[in-house]
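Given these sequences and hints, build the entire structure.
There are 2 protein chains.
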Amino acid sequence: MSHPHPDLTLPPPLPEGGLRIVPLGGLGEVGRNMAVLEHAGRLLVIDCGVLFPEDHQPGVDLILPDFDYIRDRLDDIEAIVLTHGHEDHIGAVPYLLRLRRDIPLVGSQLTLAFVEAKLKEHRITPVTLPVREGQVEQLGVFGCEFIAVNHSIPDALAVAVRTAAGTVLHTGDFKMDQLPLDGRITDLRAFSRLGEEGVDLFMVDSTNAEVPGFVTPEREIGPVLDQVFAESTGRVVVASFASHVHRVQQVIDAAVANERKVALVGRSMVRNMGIAAELGYLKVPDGVLVDQKQIERLADDRVVLMCTGSQGEPMAALSRIANNDHKVTVGPGDTVVLASSLIPGNENAVFRVINGLMRLGARVVHSGNAKVHVSGHASAGELLYCYNILRPRNVMPVHGEVRHLIANAALAVKTGVPADRVVLAEDGVVVDLVDGRARVVGAVPCGYVYVDGSSVGELTDAELKDRRILGDEGFVSIFAVVSSQDGKVLAGPQIHARGVAEQDEVFEEVLPQLTAALEDAVRTGATDTHQLQQVMRRVVGRWVSNRLRRRPMIIPVIVEA
Amino acid sequence: MSHPHPDLTLPPPLPEGGLRIVPLGGLGEVGRNMAVLEHAGRLLVIDCGVLFPEDHQPGVDLILPDFDYIRDRLDDIEAIVLTHGHEDHIGAVPYLLRLRRDIPLVGSQLTLAFVEAKLKEHRITPVTLPVREGQVEQLGVFGCEFIAVNHSIPDALAVAVRTAAGTVLHTGDFKMDQLPLDGRITDLRAFSRLGEEGVDLFMVDSTNAEVPGFVTPEREIGPVLDQVFAESTGRVVVASFASHVHRVQQVIDAAVANERKVALVGRSMVRNMGIAAELGYLKVPDGVLVDQKQIERLADDRVVLMCTGSQGEPMAALSRIANNDHKVTVGPGDTVVLASSLIPGNENAVFRVINGLMRLGARVVHSGNAKVHVSGHASAGELLYCYNILRPRNVMPVHGEVRHLIANAALAVKTGVPADRVVLAEDGVVVDLVDGRARVVGAVPCGYVYVDGSSVGELTDAELKDRRILGDEGFVSIFAVVSSQDGKVLAGPQIHARGVAEQDEVFEEVLPQLTAALEDAVRTGATDTHQLQQVMRRVVGRWVSNRLRRRPMIIPVIVEA
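Protein chains in written order, with the UniProt record's numbering: chain X, 1 to 561; chain D, 1 to 561.
All clues given are correct.
Same chains, same names: a pair is fine if it fits in one copy or spans any two.
Calculated lysine-lysine pairs in the DSBU-like style (CA-CA distance at most 35 angstroms, straight line):
1) 327 / 465
2) 327 / 120
3) 327 / 293
4) 414 / 371
5) 261 / 414
6) 293 / 283
7) 261 / 293
8) 118 / 465
9) 293 / 465
10) 371 / 293
11) 327 / 283
12) 327 / 371
13) 261 / 120
None of these hints come from the bench; they were simulated from the model.
Right, here's the structure in full:
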């Protein structure tokens, strides 16, 4: 298999009759999944999700796929196919629809319901085309067949795209739970049929390709929850992802079995489960759900709180409960269940929550000490089944960091896909399927697009670097007023600092030096504001470095008066 | 068992004949281990280590134990017993010796060699008392017996402290590898003898108390390394902790078996292994070690680089190799081994390194895909052995976050220690052993002491909070020069921002509003600098919040001229 090449140039035009695939997100990271397929001058978008920032991207709200490649071709987009309703697959739809509102959204009932609720907050009413598994829709030049797949949200779909250039099968996110809660398995019969027919390019979820074996069935969590609930003599609090309908179903079922009422806590949890219940994906027996206020009137051992915050998000209910800073309190006899994975990067925050809860005396059950979570993504064992059933002519691992993509590529090769037919691409890398053969043909610019307050795509890497410096080192600002006539210092210099040596007295020692340096500079001919600012920066920077052993950002300002 | 109580008050005086234990670090966190024992007016310190900061403590270099409790009693300190040479047990010694240079340091040969090398950098020559396992030393009123324990650094010791109040056994960090590389096992015969004699208080390492079962023997890593080296057709780079003498020994052995030379890379690695080799803890066959420059002259398949950086530290060799920003390059055919644990909080950084190396084409072997690391701390199974052999009268779990301490306490109770004899304490909580019974009797103030550049203990939580705000949101500074006569605006206002909206033009829109607000304030009688600064903060703050949807730090400055 070929490794992504840093020196790729812009691709040549797509040969007539060929199919071009350009991933604009999700290849090189877990999140902001988006692929653009091009054939005969028309485009089909598969998924349009967001990525959540890491700690080297401080203050960033969200990261979007880079739409630059399609910005001038919005009218060529036939539709956006949404494989399922997770944020990393639908979260960026509002930002794409801001560019062209009437791009049709194609997806299953639940997926569209989730995206429509999100779009409502952005005051957008989309054009939608609901589809079901087994359904075939001709979307312009793209013949799309939708196939049931099992994932950690109901109603997920894979999509097979038929064009004159060949057939592409895109799995979306999936696993192969053989005993799913809703009986809706990944449709391997359809995969077999497609394999017989011939799959020219298999775009396949890589998230768990490094993990050997098979994912435990979701339904094995139910009895564990049941037992945990039965053992708890006090309150039960369960935290999970706000879209995990089947996990919430199992919590409700365990609550019913243990004669407890359930209160949903958290805006996204309430909204999503409301949609899921209304559409019949979540079955709620009468009288089981209560609202949070009613909880206080029930005995502790008759109560389950179902909330978000399983990743240690500081403002979520769970963190505030752990900090003893929430109406709901927990103590000895109470049980908190984190029925979720631990997303890399969140460890410290999650352990802070666990420590806080345990300090209060609560029992904490999590995936580290009990089987209360299973992944939503196919492990290596399941991926091998797919490769063997499909026998694809070309493979392109999608959805994952480089390590995941490479692990997935290695699995494909193990099942007999020729190594030179396994395409390792990252975001922006252009892959053409021509004459039954997929090849990397170039790359288009594809950066991180930050949502930062009201700005989209304006935050630069330089600003992010400044934030990191400010966060690590703080800043020192220096002001002086100089005469616009003779450059004499009329007022100041003043020094203020934040995040380092915040007491202004600290700097008193350097002020005489600074004044002397400024006067000296003026005497020797420097009257230019910029030159004087450089003098201030140099004198204070050197002093701070020697005296405080810190390297804060230094902002010198000369005001002329 | 009793949970640590937030409402503890200062303890009463220690009853005559009693023994007081005050943990000043390490109980509630993994790091900065330090315990103070007091008897008959004298103090004995066990360990004095540092804690490494988490991401909510940006820019901090190190965190020390809080010495406030002993600051006025330095002359009462008999000695500092150092259980082993890891940073989290010896790293704060220089800072304590700065307060009183002649406190004797007691420890094994290797431990003292490591701490002396560190003290040399601080220009301190300590008073030392080297001890060996089996040795008994009367340190004032404290009768100390040193006992061999096995850990991830050679020459670690537990210490039994006998006083008139009873016997305390402190394990330091330990595990119970039954086939350690150097044959030096944790001395369970000594534990048995102490158990027969009677252990009044058992202070025991909690780090792995949540982990079921037993730690795999260190020597099982050797054959894995050997195989990985044999399979590599190119360079081998191994990253590990700079003090893990036995891990480096196994790398050297595997290199010799595969006819490769080894270069040590990184200042701490070179220094520590130099000490270990000189003292005979590391056995280096002649001609195996080469220096980094010679590597370039050797064939790729004849080379092993042994370096630090296994936690993704951005400036370490490994990160720079992964970024293709180091003299040493890796590519297809080369193998990189991360022979280390993944310390929580470092996941994103480590995965960035792994992705970078894989993108370059290297094979990356780590604890997630091969048995190339084992922990240095006893798991639950081993801890049960200890409790059963010792049958301690009272137990105080040490070294760990709350979750670890509680898990360890639960193990003690399972083996039959009465729950009310298991003392759960956090940093600063005072435990008295009186009449054979250990009890929490109060707490002393015990904060985080930050080393931040040249400052020790000066960085406040307010400054850290400012750093977090600066890092997340950036800052906006506003200046204006006003007349000291009539309060008229003479120059400005000027607005500059960093980390948010860095182009000054962004703020042009708000400048007229700001000037108007200032003039209005002056007209209605506000001439006070502080009032005018408040006006500037309010106008710009509101505009930034509405317009940019950000909440940067706002620093208004009025200069009078």
